[in-house]
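Asker: If you want the building blocks of each chain, they are given just below.
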Amino acid sequence: MPSRRALPILAGPALAGLLCLAGCATGDPVDSSLKQAAAAQSSIVLAVDLLGEGKATLPATRTTVDDALRELASAEQSLGESPTGRRIDQIAALDDIRDATDAALAARRELDDPGTVSRHAAADLDDTASELRKAATS
Amino acid sequence: MKRLFAVALGILTAIGGFVDIGDLVTNAVVGSRFGLGLAWVTVLGVVGICLYANMSGRVAAVSGRATFEIIRERLGARAGMANLAASFLINLMTMTAEIGGVALVFQLVTGIDPLLWVPLAAFGVWIVVWRAKFSALENATGLLGLSLIVFAVAVFLLQPDWGHLGMQLIPRIPESESGSTYWYYAIALFGAAMTPYEVFFFSSGGIEEGWTVKDLGQTRANVLVGFPLGGILSIAIAACATLVLLPQAIDVTSLSQVVLPVVQAGGTIAFGFVVVGIAAATFGAALETTLSSGYTLAQYFGWSWGKFRRPARAARFHLIMLIGLVIAVLVLLTGVDPIAVTEFSVVFSAIALPLTYIPILIVANDRQYMGRHVNGKLVNALGLVFLVVIVAASVAAIPLMIITGAGQ
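In order, the protein sequence lines correspond to chains A and B.
Just so we're aligned, residue 7 is where the first sequence starts under this note's numbering, counting upward by one.
Just so we're aligned, residue 771 is where the second sequence starts under this note's numbering, counting upward by one.
Note that these hints are calculated values from the structure, not bench results.
Treat the hints with care, since some could be wrong.
Cβ-Cβ distance ranges computed for the label pairs, FRET-style [claimed, not checked]: (1) Ala991(B) - Asp133(A): 52 to 62 angstroms; (2) Leu111(A) - Gly894(B): 50 to 60 angstroms; (3) Glu945(B) - Ala129(A): 23 to 33 angstroms; (4) Asp105(A) - Ala906(B): 49 to 59 angstroms; (5) Leu1092(B) - Glu87(A): 35 to 45 angstroms; (6) His126(A) - Met937(B): 34 to 44 angstroms; (7) Ser948(B) - His126(A): 36 to 46 angstroms; (8) Leu886(B) - Arg125(A): 47 to 57 angstroms.
Computed footprint of chain B on chain A; a stretch qualifies when at least three of its residues, placed anywhere within it, have a C-beta under 8 angstroms from a C-beta of chain B [unchecked claim]: (9) 42-49; (10) 66-73.
Even glycine gets a Cβ: it sits at the ideal position worked out from N, Cα and C.
Taking the hints into account, I'd like the entire structure generated from these sequences.
Answerer: What follows is the structure in structure tokens.
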């Protein structure tokens, strides 16, 4: 039984333990990673559309794409590291996420120069987002 | 006329100051995943914060002392220490989230990495806390925070099917979500609406501004009109996410996604308003949490405190705030995601709620401090009902956090 004086000292490790437990408890890694990646890619599509319509600013669009790229990387990493009983699904999901990341990176490069996203890059974003959404709901 | 102006100004700053990074992020996350099916929690949280903020404001106005001073005196050093430890840690977490929020807004405007903005944001907070008058910092950020009304305007510009949107207000769990995530986010929303620092800041602000029994009407108006209108802003944030992000299955994980519905509705002009509003809301809340960290410690230990004193006469109060800011900056510079800090801070706020609100209810019923201004029967009945809700949320928060993997 820890003394009363030790309780505030134990609060830090207890908090860290809770956060670890919360971080570890996830559902099916294939489904959750596909859902995470689909959400990220869809937000890029929306941000790029808004930029094309002249509604969004370039820095805000870049920020949305950067944030989404971070989410895609996180989805790929967590899926790659998680053991699943569905190896084929896992590989297919990883392929979809990598395709989406390539399309997002291409769009990000175009946002740097020339500052707009070409029709071809926008179509790639749309296609990869649809693929991810389809995979996430199947 | 002057009195009326003061009341109006107080209400406006209460509306603008109600929303902080926790409300912004949590409402947007909930809107993008659950639609308006959790709006009832925001309403519940607003009623709760009105009830207890009003109580703590009355304690300050009647006794001339801030809540924390009385909590220690009334409940003793040990109970006061438990309250202090929980409140200070949660407050520090919230402060970190708010400073991170300011940095994220600057990133949205400039495209420059938020890590570069973190030290500047913290320096800005420190210089304002050090130099600006209390009323100036409260009014400026509160009034600029009113720009967040753009979220409510955006709901109209998006021309929703009002019947369908209204139907979303009926509490229900979407097929894509589990019951445990629904209740986890219910607790997060409740924690965001009833964040403890709001009560400490409100009560200590009363002392800073020299409230007396004569000001009770004004403080009541600020709370009972300003906070509910601020709550409507919170629901508007969730409604924007419901209309634009939910149909595209975009779960909110970043601040850049929170503003997308407003940009879709109103273009660059709306974007201008929303960044001013979020910058004011997060910067204002960063000021409030920084001051609250000084208030809680100084009031517990009996140090000289307050912005109404010259910094040299409240040195430890200012030193605590400076140390708090340095810790927040160091945490953010590790690269931790400010949005993740925000999401955890609102849930940990919910866990610590009983430690903040039970003592306020006890003190507000103590005739020795309150005289004839003790709680009436209705306020006590409501206060007890809310205590049950607060304790239930606090007890359920940790198991739900573990079961859902923090709402994943």
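Asker: Take the hints in turn and mark each one as holding or not.
Answerer: Structure-based check of each hint:
Taking the beta carbon of each, Ala991(B) and Asp133(A) are about 56 angstroms apart, inside 52 to 62 angstroms as hinted. Checked against the hint of 50 to 60 angstroms, the C-beta distance between Leu111(A) and Gly894(B) comes to roughly 34 angstroms, which is inconsistent with it. The hint said 23 to 33 angstroms for the Cβ distance between Glu945(B) and Ala129(A), and at roughly 31 angstroms that hint holds. Roughly 53 angstroms separates the CB atoms of Asp105(A) and Ala906(B), a value that falls within the hinted 49 to 59 angstroms.
Between Leu1092(B) and Glu87(A) the beta carbon distance is about 41 angstroms. The supplied range of 35 to 45 angstroms therefore holds. Between His126(A) and Met937(B) the Cβ separation comes to about 41 angstroms, which falls inside the hinted range of 34 to 44 angstroms. With their beta carbons about 40 angstroms apart, Ser948(B) and His126(A) fall inside the hinted range of 36 to 46 angstroms. At roughly 34 angstroms, the beta carbons of Leu886(B) and Arg125(A) sit outside the given window of 47 to 57 angstroms.
For the region 42-49 of chain A, the assignment as covered by chain B holds, since 6 residues bring a beta-carbon within under 8 angstroms of that chain's beta-carbons and 3 suffice. A count of 5 residues in the region 66-73 of chain A with a Cβ less than 8 angstroms from any Cβ of chain B is obtained; the coverage claim is therefore met, three being the minimum.
In the structure shown, a violation is registered for the earlier hints numbered 2 and 8, in ascending order.
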